[in-house]
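Peer 1: Just so you know, the protein sequences line up as chains A and B, in that order. Residues in the first sequence are numbered from 61 upward in steps of one, following our numbering. Residues in the second sequence are numbered from 31 upward in steps of one, following our numbering.
A few of these clues could be false.
[Said to hold, decoys possible] With a cut-off of at most 25 Å between alpha-carbon atoms, the simulated DMTMM-like pairs for lysine to aspartate or glutamate come out as follows: (1) A:756 - B:66; (2) A:761 - A:207; (3) B:197 - A:776; (4) B:312 - A:183.
[Stated by the list, open to error] Reference listing, derived: stretches of chain A covered by chain B, where coverage requires no fewer than 3 residues with Cβ under 8 Å from a Cβ of chain B: (5) 168 to 177; (6) 647 to 657; (7) 692 to 702; (8) 718 to 725.
I should point out that these hints are in silico values taken from the structure, not numbers from a laboratory. Note that the Cβ used here is the ideal one computed from N, Cα and C, for glycine as well.
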Amino acid sequence: MESEDPEMEREDAEDEREDAEDEREDEEDERRRLKLVEAITALRGGRKKPLGERSEAAVRVSEFAVTAEGERQKVQLSDLIEGAQQSPAVPTQTRKQLQNLSRSQKTVEQPLSRQESERVQRDLAFQKAAVHVSRWKSVVTQNRRSEQLVFPLNQEPSGPKPLEKVVTGWRVQTPLEQEVFNLLSANKQPIHDPVLSPAEEASLRAMSLEEAQIRRAELQKARALQSYYEAKARRERKIKSKKYHRVQNKARRKEFLKQFDQMVKTDPNGALEELNKMELARMKERMSLKHQNSGKWARSKAIMAKYDEGARRAMQQQLELNKDLTQKVRSSLSNQEEQEDGASDPELLPDFVNDAEPGQVSSNPWMRGELSAEPAEAQRSEQEVAAPAAEKEQHEEEEEKADEEEALLRDFESRRKLRQKEEEEQEAAVQDVEDSDEEEGPADQDQEEEGLSEFRSLFRGVAEGLKEAAAAASSAGCSSAPLEGGLIRIRTVEDAELLPPEDVELLPCSESPPSAPQEEAPPTGQKARGNKKRKRNIELKEVLTKDAKTVTVPLAPTLTDTADGSDEELDQRGLIMEAFAGDDVIADFLRDKRKQEDAAKPKVVDLTLPGWGEWGGQGLKPSSRKRRRFRVKVAPAEPRKDQRLPGVIISEQRNGSLSAHQVSALPFPFENHAQFESAVRTPLGRTWNTERTVKKLTMPKVLTQLGTIIQPMTEEELARKKASAAGAGKEDPHKTKDQKRRARKGRHSQKI
Amino acid sequence: MKVKVLSRNPDDYIRETKLDIQRVPRNYDPTLHPFEVAREYTRALNATKLERVFAKPFLASLDGHRDGVNCLAKHTTSLSTLLSGSCDGEVKVWNLSKRECVRTLQAHEGFVRGMVVRFCGTSFFTIGDDKTIKQWKMETPGYGEEEEPLHTILGKTVFTGLDHHQKEGVFATCGQQVDIWDEQRSSPIRSFTWGVDSFSSVSFNPVETELLGSCASDRSIVLYDMRESAPLKKVTNDMDYMDVIMTMRSNTLCWNPMEAYYFTCANEDYNLYTYDMRYLEKPLVVHMDHVSAVLDVDYSPTGQEFVSASFDKTIRIFPKDAGHSREVYHTKRMQHVICIKWSADSKYILSGSDEMNIRLWKANAAEKLGVLAPREREAANYSQKLKEKFQNHPQIRRIARHRHLPKSIYHQTKELRVMKDARRRKEMNVRKHSKPGAVPVVSEKEKHVVTVVK
């Protein structure tokens, strides 16, 4: 403003002066006016200062005060350009541009006001800064999403560092060192990290030539042999002659037997394995229905058997085969082996456990189905001493009968014979065991009591079963259960025969769990049966609850040596039973359930008003018609959900006391109920999770190190995050390792 | 006879030393653990209760000032050193581990308005009501030496705020204008003025170190770029629902040290506002809970939380993205809290208040201090996760959120709630009885920003 004002005034004053010269006529006025003007200009002061010529260099020269030389005029653009037009130093292009400029008549737009221009500048600067700051966005989001943040950010890895990093500028100095390093570098040995040299690594990776050749030769040979073998097998299979195959099979079997015998001598372990295999095959056979004469073919043959000798023989053969296959392999080896190895190998079951099988026949419910035909023959078979001759006779007799049913039953009989034979053997074995048991004496017994109790119980069952088989051999039903004899022996052989065998067997057995046959209370034969029939309607569970108490019934000792132990056991049991005498948990539960069921049943509402519509008073009752009319019957309730679940009470009523602990609204980060529920359902503790999982699940969100200053984020972090993000695709494990290390390092760190 | 016995490998159940934990074989089959949720719920409940039992945040009170503590400064390289300036111009240097004052100096006449430690930790700057900026050595002067500032700069006006650049020898002051100073020069290398209002605080962005923010008394927040000559942008804050008589300016501003573009300002309208500096039209979060003007705010060095000091005699800790505080600290004797700092290891909070004391608090009230045994740490982690897992369950939330408040604050909170409800109800009624769209719904965030000036 200062620079503009004087000039304006100056121009005004000049105009006025010219006017004064032109109009001299009004001199007085003029003089006065001049005087006034002079006075006014004198007030301003310094007005007459000539517009200066520049004589010395000034720091700031006003662009408005520059004048053309000599004349009191403003400097025009053209004045300045003229010199440029003539001087050869100015390039022609510029000259042209200047000419164009001087020709153009457009006025330049007025510049923005200072405030406005500043605002524009600010806006631009802000936008620039905002863009610049946005480069942190990736880091920020990455940190927000990360499962764990470890502070301080730029932690150096702990632990010993390699020498080269610690000592910078270390050089080989002494001649010895030089020699060592020369040697190392010459042999391509690792200098920094003493791991494998490249050659060693390469050799590790590669296989030697000789080895490879040997390997290849081996493979070739194997392949050739296999192809020969296959071709041979194919050829043989095509041979149709049955006789050929039979001979072959026989030869093979013989061969095998020979081999096996040899094996017994040379390689007992291998022989045992073979034996095991055979045992397995036997098991399979026993399980399957093969060769049982129950197939389609067998049935058709059975029809034919009456008339056709061939068919009969074929069936016979089948059964023989079955017998062969199911017969237990009993070689000298196995016995011997078991005797030898049994003690050394704790994995194996003791002898009598294995041998008890025939004894278990009666106790094991699975075995009974096969034995269902036994009782009829039992007596007879018992009288005869088991001998191969007798067996043959039996066969002959049966064949003479040649009855259809007999033919079908034959297999069972033959099996029974076999079993009986085994039983005889078994008994002897058991006796042995018993003897040995007795020999060991009571001193050992106490110690062994606990460990052996299992086996003893089993063994006792076996012994009992055998005794009965020997003595009565006819007891049907739960004859196997070690009962006090009298009760069971009520049943005679005739009774047993009258009854359908399966029924006899199965009914009582379903009552007694097979796990502890000797301790189970005697079902007491017919009595139990009678009870059962009467109680048909009573719930099974309820019956069972009562059973739990009968466990306490004292058991008559069957063997003298076990008596002491069982007494102790009984004492223990008695104590426990006494302690929990009143606790019939199951019955309580059932009572509870019934109560709930009753409560939930819809009730009949009686809305009868006595005396309404008829006479009322003492001794008068509303009529039955009225009562019937006003009794509101509610629709029967829907079947309870726990109707078929005996051990469960399902209550569909809302429990008010629970709602205080329940979440009423879906919490924020979750999008649906299932998400939230699954989040709650996932356990975190080490009771339910492995150590690793627990570590992972309970990892704190922020880890800080105790007593360490956490510096604000720096540019390096940005670069590092970028690099890690770029390398994430390739080297993710590295990053996680790094994080882990940092987490481990922060051992003394805590959650903030 | 062969006997089959159970045999176990002793390694499976025998400890090597008696200090080892007993090995507990577990079966993780979920069908065997039908009550896992219920059990964990109980554990979570117990953990929450124990947390409240052990919540004892107050550690120590440092007394020695003879007037209210007006400013605090963290040492940049030492965790155990704290500087404090009081209203009588005295500056004290404290050793926090010993909890004693190690040095006292009369720095200014009148208030010590601001104090900051140089990034190297060898010297610190103070400004005061006597219009001077002084630089002091961090070391205590030796025996016989005078306690003298390294440099003294005499300014034209009173300075109200001070902050130092993160890496360079440049610092910023504010008063009537925001000045950027070079440590070597006695005149500012740059001055920013925008309007005629005075500024109450200035702070450098610790991440994007060339950026500055300041709070002006015309209710505005102004951002600057040190590289530019003009201020960047200006937000004018207004309080919509408080009485007009009250001032509504922001008192302090603090940048998030881990997230470059977020800052939080403490406002006179009882709230704190977190802004994204790129979008100043509305704050990201409005942090409400104080019942009087918020005087100071400081971020945790991890950038996850911040702490605020208020005129209502409480300190509150807010998660950076939560609208309400997670913790409130108060004592009977603590008066208006004027300045607050979060320690550089993120474990402690330091507060200076009107009644001449500096208080040391734990940042996590129930946390056990010191080195934890591995099992302790694991247990702490587990219970923390449990608390998080069940935090939405009403019983647990109730216990976790329960805090005792002074009666006055409790009632004032209630009163404010009533007022707010009334205002909302009225607005709803007005909206109901006017032309649809005539009374627009304004969100809480939008309410507080009057305008953004470019």
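Peer 1: All the hints need checking, so say for each whether the structure fits it.
Peer 2: Right, here's what the structure says about each hint:
no. : hint          : result
1   : A:756 - B:66  : 18 Å, holds
2   : A:761 - A:207 : 6 Å, holds
3   : B:197 - A:776 : 14 Å, holds
4   : B:312 - A:183 : 18 Å, holds
5   : 168 to 177    : violated (count 0)
6   : 647 to 657    : violated (count 0)
7   : 692 to 702    : violated (count 0)
8   : 718 to 725    : holds (count 5)
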